[in-house]
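Work out the full structure: start from the sequences and follow the hints.
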Amino acid sequence: MAKYLKKLSKMAGQAPGTLVHIGDKKTDKVRITIFDYNAEHYTEREAGNVEECFPFKRTPTVTWINIDGLHDISTLEKIGSEFELHPLVLEDIANTAKRPAIEIFDSYIFLLFKMIYYDNETDKLSMEQVSLVLGKNFVLSFQEQAGDVFGPIRDRIRKGKGKLRKMGPDYLAYALLDAVVDNYFIVLEKFGDDIEKVEDELSETPGQDTLKWIHECKRNTIVLRRAVWPLRDVINSLVRGESALVKKTTEIYLRDVYDHAIQVMDTVESFRDIISGLVDLYLSSISNRMNEVMKTLTIFASIFIPLTFIAGVYGMNFEYMPELGWRWGYYAALGIMAVVAVGLLFFFKRKKWF
Amino acid sequence: MAKYLKKLSKMAGQAPGTLVHIGDKKTDKVRITIFDYNAEHYTEREAGNVEECFPFKRTPTVTWINIDGLHDISTLEKIGSEFELHPLVLEDIANTAKRPAIEIFDSYIFLLFKMIYYDNETDKLSMEQVSLVLGKNFVLSFQEQAGDVFGPIRDRIRKGKGKLRKMGPDYLAYALLDAVVDNYFIVLEKFGDDIEKVEDELSETPGQDTLKWIHECKRNTIVLRRAVWPLRDVINSLVRGESALVKKTTEIYLRDVYDHAIQVMDTVESFRDIISGLVDLYLSSISNRMNEVMKTLTIFASIFIPLTFIAGVYGMNFEYMPELGWRWGYYAALGIMAVVAVGLLFFFKRKKWF
Amino acid sequence: MAKYLKKLSKMAGQAPGTLVHIGDKKTDKVRITIFDYNAEHYTEREAGNVEECFPFKRTPTVTWINIDGLHDISTLEKIGSEFELHPLVLEDIANTAKRPAIEIFDSYIFLLFKMIYYDNETDKLSMEQVSLVLGKNFVLSFQEQAGDVFGPIRDRIRKGKGKLRKMGPDYLAYALLDAVVDNYFIVLEKFGDDIEKVEDELSETPGQDTLKWIHECKRNTIVLRRAVWPLRDVINSLVRGESALVKKTTEIYLRDVYDHAIQVMDTVESFRDIISGLVDLYLSSISNRMNEVMKTLTIFASIFIPLTFIAGVYGMNFEYMPELGWRWGYYAALGIMAVVAVGLLFFFKRKKWF
Amino acid sequence: MAKYLKKLSKMAGQAPGTLVHIGDKKTDKVRITIFDYNAEHYTEREAGNVEECFPFKRTPTVTWINIDGLHDISTLEKIGSEFELHPLVLEDIANTAKRPAIEIFDSYIFLLFKMIYYDNETDKLSMEQVSLVLGKNFVLSFQEQAGDVFGPIRDRIRKGKGKLRKMGPDYLAYALLDAVVDNYFIVLEKFGDDIEKVEDELSETPGQDTLKWIHECKRNTIVLRRAVWPLRDVINSLVRGESALVKKTTEIYLRDVYDHAIQVMDTVESFRDIISGLVDLYLSSISNRMNEVMKTLTIFASIFIPLTFIAGVYGMNFEYMPELGWRWGYYAALGIMAVVAVGLLFFFKRKKWF
Amino acid sequence: MAKYLKKLSKMAGQAPGTLVHIGDKKTDKVRITIFDYNAEHYTEREAGNVEECFPFKRTPTVTWINIDGLHDISTLEKIGSEFELHPLVLEDIANTAKRPAIEIFDSYIFLLFKMIYYDNETDKLSMEQVSLVLGKNFVLSFQEQAGDVFGPIRDRIRKGKGKLRKMGPDYLAYALLDAVVDNYFIVLEKFGDDIEKVEDELSETPGQDTLKWIHECKRNTIVLRRAVWPLRDVINSLVRGESALVKKTTEIYLRDVYDHAIQVMDTVESFRDIISGLVDLYLSSISNRMNEVMKTLTIFASIFIPLTFIAGVYGMNFEYMPELGWRWGYYAALGIMAVVAVGLLFFFKRKKWF
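Residue numbers (my numbering), protein chains in the order written: chain P, 1 to 354; chain L, 1 to 354; chain U, 1 to 354; chain B, 1 to 354; chain F, 1 to 354.
Calculated directly from the structure, the hints in this document are not laboratory data.
Mimicking DMTMM-like on lysine to aspartate or glutamate, the simulated pairs with C-alpha atoms at most 20 Å apart in a straight line are:
(1) Lys124(U) - Asp194(U)
(2) Lys163(F) - Glu40(F)
(3) Lys212(P) - Glu196(F)
(4) Lys212(U) - Glu201(L)
(5) Lys212(U) - Asp193(L)
Computed beta-carbon distance windows for the label pairs:
(6) Asp200(P) - Glu242(L): 43 to 51 Å
(7) Ala39(U) - Glu199(L): 50 to 58 Å
(8) Lys212(U) - Asp273(P): 22 to 30 Å
(9) Gly241(B) - Asp209(U): 55 to 63 Å
(10) Asp200(P) - Glu77(U): 55 to 63 Å
(11) Lys248(P) - Glu77(U): 45 to 53 Å
(12) Arg158(U) - Arg58(B): 39 to 47 Å
(13) Glu242(U) - Glu242(L): 15 to 23 Å
(14) Ala341(P) - Thr122(L): 41 to 49 Å
(15) Thr205(F) - Thr122(L): 42 to 50 Å
Which bits of chain U does chain B cover? Going by a derived footprint, with three or more residues having C-beta under 8 Å, they are:
(16) 149 to 163
(17) 272 to 278
For glycine and all other residues, C-beta sits at the position ideal for the given N, C-alpha and C.
Next up, the structure:
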């Protein structure tokens with residue numbers, strides 16, 4: 001959290017539209033890949049420099065330019081001026097601490113959202129920011145680093161499976177968005193596994209670590225909510241069809257993504273509910289175990305206390321204590337002690353104290 | 001929960017409209033039953049294959065085609081192309097992890113909701129997804145497996161009771177929806193019984209199991225809410241009369257189902273309130289019992305402590321301890337001990353400590 | 001709660017509009033009373049059978065037909081067909097488990113709400129359902145049993161006090177609604193008394209019963225909310241003047257009832273707040289008392305522990321223990337014990353431990 | 001609370017518009033004061049009877065008639081019929097248990113709100129109801145008793161300071177409302193002082209009283225919320241300019257009062273947050289103190305337990321116990337005891353147990 | 001909090017528009033600085049008295065007049081009459097206890113918001129009120145004292161960097177607002193660091209101070225919310241473009257600030273969530289530590305209790321106790337004690353009690 005804020009405070013005092021890369025430099029080289037396609041054919045190419053992309057802008061085919069790596073400000077600036085992007089849009093692309101947002105311009109739509117990865121080793125969530133610019137016949141996508149969830153989409157373009165190749169750039173933008181939202185379900189699944197693990201732990205041997213773990217889960221839900229809540233509004237703005245760039249036929253697909261986003265939110269909220277129940281369960285479990293120990297020990301002590309008293313009585317040094325002289329006095333005393341002990345055990349048992 | 005997410009994550013990376021059956025294969029054979037009726041006569045038939053249904057599409061009578069079993073993708077595809085369903089609709093039908101939704105098309109309305117069963121043995125809720133397609137003169141219903149809550153509706157068609165036979169397919173869709181929502185009340189009743197059982201347990205012998213049980217109840221309310229909350233919006237969309245497929249005269253009936261859905265929600269919310277009160281009651285009850293035990297034992301110990309001290313005093317070996325030589329010294333000591341014990345008992349009693 | 005759900009689940013599987021009396025049969029005989037009045041004269045009559053009411057339908061005077069007892073389905077059906085009520089309206093009248101609702105038809109308005117009684121003996125709330133049908137020149141009221149809060153209204157009709165006799169049936173409906181809402185205040189008052197009693201108990205001798213009592217209060221607020229929340233919407237629909245059956249001049253009166261309903265809600269919400277504060281107070285009070293006991297006993301024990309140790313030391317059997325031979329050794333030992341005891345008492349006192 | 005409900009339940013069963021004074025009779029004599037002014041001159045007079053006010057109704061100057069004391073029904077009725085007030089308005093004026101409300105009529109606006117006083121001695125809040133009737137050229141104000149927060153306004157009329165004398169009756173109504181809302185800040189200030197006192201107590205010596213005090217604070221916030229929440233809506237209705245009686249130029253002033261009301265609400269909500277934090281702090285502080293005591297005593301006991309055991313060993317009466325015959329055996333035993341005691345103390349210290 | 005209320009209650013009883021400086025006098029001298037610029041040139045000047053500013057009002061260039069120090073009422077009044085500000089606006093400028101607000105007039109827009117500083121030494125937040133008046137060709141800004149977050153904006157004017165010099169006064173107002181909101185991120189960052197520090201403390205040695213610290217954090221979030229929540233509405237009013245003073249081209253920038261404000265709110269809400277989780281963690285950690293101590297001590301005592309009992313038995317003075325005469329009786333007794341002690345230790349270990 002602190003790290004994320006550190007990024008944002010870096011921005012303070014800058015003129016709006018100043019391009020500052022905010023975030024970790026996650027990759028060394030900026031990598032630009034281009035897909036250009038229509039229903040009949042497609043080209044795939046890795047661009048050596050940013051200028052190679054520009055000719056595609058003027059072709060009637062759908063062009064998808066993907067940029068991995070945001071730290072090279074000059075690349076962003078060149079793309080910005082070629083595609084006539086608003087300075088604030090460029091600022092947002094470079095600032096990886098933004099929350100999901102949408103900005104609809106006359107000639108393009110700017111979309112910003114988060115990819116979420118679940119780190120299997122640390123059980124922590126990590127975020128990567130994705131920005132999309134949807135123009136008349138192109139889609140620009142900006143990512144912080146190589147590696148994404150768009151592999152199946154690239155395959156669909158290559159193989160011409162489904163309707164992707166037959167549809168316009170708005171459908172491509174939808175497909176990218178859909179891939180990101182679908183990926184949330186994978187994260188949620190892992191998350192759900194974790195919660196089940198905690199539940200198992202709770203019924204066995206909960207420790208101080210379990211609570212820290214629950215606390216970690218809580219923070220993860222907070223991260224997820226920050227990524228998904230605003231996304232809902234973003235998709236909703238797209239669905240409402242305020243821009244001619246989104247065709248009527250694509251709207252039903254967007255509504256589908258919207259439903260998925262809602263479902264993610266729903267699940268996150270359910271997780272919150274369940275986790276808060278787990279805290280109760282944990283606290284009660286810990287206190288029950290503790291109580292069990294204390295109760296057992298106290299009962300144990302309570303049985304010896306009267307016995308020790310009896311021993312104390314016959315340890316007194318009075319001259320006239322008839323019992324002391326009895327032949328079987330000692331055994332009688334031991335017998336009485338046994339009776340008392342058994343009697344107390346029986347009494348406690350009947351009271352259901354153990 | 002994890003299982004439910006496993007299903008959803010299966011979907012990730014698929015092209016939209018790809019038909020993948022998501023969910024457990026709950027039945028082996030796909031079973032198709034057809035009801036075809038108007039006010040005068042009705043036909044009931046079990047179809048051997050999906051093509052048998054198609055002729056009914058063109059008859060002016062109301063046709064209800066019910067499909068049990070969603071794992072046979074080819075059946076779905078055939079129905080989809082015959083009835084001109086949108087690929088996303090087919091995807092939703094096959095994906096049993098969807099939340100309740102409605103999609104209004106020009107020529108048909110697609111409805112998706114959940115049947116809930118209460119498993120009497122495990123006290124768990126199970127869901128089955130039901131999808132309805134309401135067309136001009138037909139209703140398609142898709143279920144995961146045989147066995148449903150539509151028995152009384154079939155009877156009403158057969159016997160011509162009520163107005164069902166006189167009304168159109170929109171009324172049939174309403175009747176199916178109504179049957180599902182009415183069924184929620186049966187689940188709620190069982191649920192209410194469970195809560196009462198917990199309340200009884202709480203006033204008798206609450207244990208760690210009781211809390212787990214309460215936790216289970218909580219999760220069940222979460223499941224119920226996920227099924228019913230969106231249903232409300234679904235019915236509301238129908239009621240608002242946005243489609244010509246729903247006739248004016250049916251709207252009042254839909255409003256009635258809507259009222260029932262609200263009532264289900266209300267009850268679920270009340271259950272949540274009551275359950276959260278039960279957690280308090282449980283924790284307080286556990287801690288009260290524990291306190292009772294500890295208090296009793298501590299009082300018990302406190303009475304013996306001064307007695308043992310007195311015994312210890314007269315167990316000292318000083319040469320000059322006049323009491324030791326007294327004739328009735330021993331009995332005096334015992335007497336003093338008795339007085340102290342009774343005094344303390346009386347004191348604790350007066351303080352209302354037990 | 002379970003009982004209330006039992007009623008609702010009875011309804012499942014019935015055709016809509018099927019008349020089933022849902023609820024306890026609270027009275028044996030159906031009792032029908034008729035008031036017919038205008039500004040000049042009034043008639044009051046108890047009808048032997050339901051047909052006696054029908055002539056009044058055609059008179060220009062205001063007619064109030066009150067039916068006590070809902071289990072006689074045939075009576076309801078006759079009224080239904082004479083006054084042309086929708087089958088769902090009749091179903092709602094017979095189903096006493098409905099939540100407050102309003103349905104505005106062209107020729108009549110259907111209102112459903114709850115009378116609440118406070119049972120002084122069990123401190124529980126009981127509900128009775130009241131349904132109103134407001135027509136052009138009549139008001140039908142349906143109750144589960146004889147005995148209601150409409151006495152003063154009958155008196156006002158009889159005596160011609162106020163404007164009731166001069167106004168139409170919409171004003172009568174308002175008056176009945178007003179009587180029910182005013183009655184909520186009486187229930188709230190008793191409820192408030194109860195809460196004060198709990199507060200008194202809390203400062204004296206809280207026990208496990210107190211918590212159960214608080215839990216009972218909580219459930220009562222849940223019952224109240226279920227009755228009043230939807231009523232607000234019901235009245236609001238009336239006020240918005242969507243029906244010509246409600247005259248402009250009556251609207252200000254309805255707004256007044258609306259204000260009262262809000263005030264009831266407000267008070268219920270305040271009660272919820274206060275009750276949840278009481279739970280905190282209770283738990284803290286219980287734990288404070290327990291702590292007090294444990295602390296006192298522990299201090300008590302702590303004083304005797306060193307004394308017993310000293311006695312133990314001089315009970316050792318070493319041959320060379322010079323103190324044992326001293327003339328005043330015994331008294332010195334007792335003295336030291338006294339000093340230790342007083343010293344500890346003083347120390348604990350100064351630490352403010354008791 | 002109970003008292004407040006007692007008032008309301010008195011109203012039940014009355015015909016609407018029946019004038020019943022609900023509330024405590026807080027003053028014996030009804031006192032009527034009249035201010036009549038325009039920009040040039042002003043008259044101030046105490047009226048002997050209610051009829052003296054009536055001539056002012058017809059003058060073009062602004063007239064402010066203030067009535068202290070609501071128990072004299074006949075006075076209210078005379079004013080009501082002279083100023084043509086709706087019976088429900090008179091009922092609301094007399095019923096001091098109403099929540100803040102507004103009713104806009106064609107010829108006048110009726111406003112009802114609460115003055116809040118902080119009783120310095122009991123630390124409780126008390127409310128007084130104020131009703132305003134704003135007409136074309138007059139303002140009627142009704143209070144339960146003499147003594148209010150309108151002193152500065154009277155001074156401003158007398159001295160002609162500010163714009164009050166130049167403006168119409170709507171501005172006067174605004175000024176009265178403003179005075180009441182400003183007074184809330186004074187109450188809040190005292191309230192804030194109280195909360196600070198509690199915070200100081202919490203860091204010193206929290207007791208059972210502290211919690212009761214916090215509970216009292218909570219109830220006070222509930223009272224405040226009931227007074228201020230609806231006031232917001234009341235002022236908002238005025239601001240929206242639905243009545244010609246409120247001039248355009250006055251609206252900005254009303255918006256200012258509205259801002260103040262929001263600020264009061266904000267502060268009350270902050271208080272709620274802080275108070276709920278104080279409960280946590282209190283509970284933790286109490287439990288920490290208790291833990292401290294128990295821990296110290298337990299450590300104390302734990303040191304003596306092994307010592308007493310050693311003394312017990314050498315108090316055994318075996319014939320062959322070589323240590324007993326040793327010359328320095330006694331001192332060695334004492335030495336061992338000392339070593340054990342110091343060792344344990346050291347051990348506990350190192351474990352940071354005290 | 002109390003201090004802040006003290007300010008507000010000072011205002012009570014004043015005529016509206018009365019200029020009273022409410023707040024601490026934070027600076028002695030009122031300091032007025034003037035920037036006057038267009039795309040080509042700029043002037044910067046410190047004004048000796050308020051009249052020096054007036055000529056700039058009539059120039060077509062953009063003029064930014066900044067006033068540090070609000071206690072000099074006469075200065076405010078002169079500016080107010082020269083720039084024709086509404087008396088209530090002047091009152092709001094002088095009253096530093098206002099919450100963020102906006103008032104749109106025909107000829108100017110009045111904006112009020114809060115600068116927040118984080119005091120590194122006391123870890124407390126302090127607020128400074130900033131008021132902006134945005135006119136046709138000027139911006140007035142009022143601050144409580146010298147020192148602000150506008151340094152970079154002054155630099156941008158001086159150096160002509162960015163578009164600031166080319167844009168109108170609405171862009172300047174935006175830039176000032178943006179600087180304030182960006183500054184919130186810096187505060188949030190420090191705040192986030194604090195929370196991390198607490199988390200570290202919690203896993204090491206939580207004390208009573210930790211809780212007080214958490215309580216302090218909570219109060220800080222309350223302060224932040226009070227500053228930011230209303231700001232959102234303020235900016236939103238600006239964005240909605242209700243005034244011709246805000247140009248179309250500036251709107252997208254305002255939307256950007258709006259996004260930032262939302263992000264601040266989001267972060268504050270996340271902090272609230274995290275902090276409330278920390279309270280749980282703290283309480284559980286404290287109680288775990290305490291439990292650990294008590295458990296260890298109780299186990300320790302439980303081992304000695306039976307040993308002492310055995311010693312007591314052989315300390316009895318019966319004449320016939322054969323063991324006492326045995327040659328190895330003493331050692332046998334010691335041996336039994338050792339066996340019992342080791343056995344108990346083993347038993348407790350196996351039960352996982354320590």
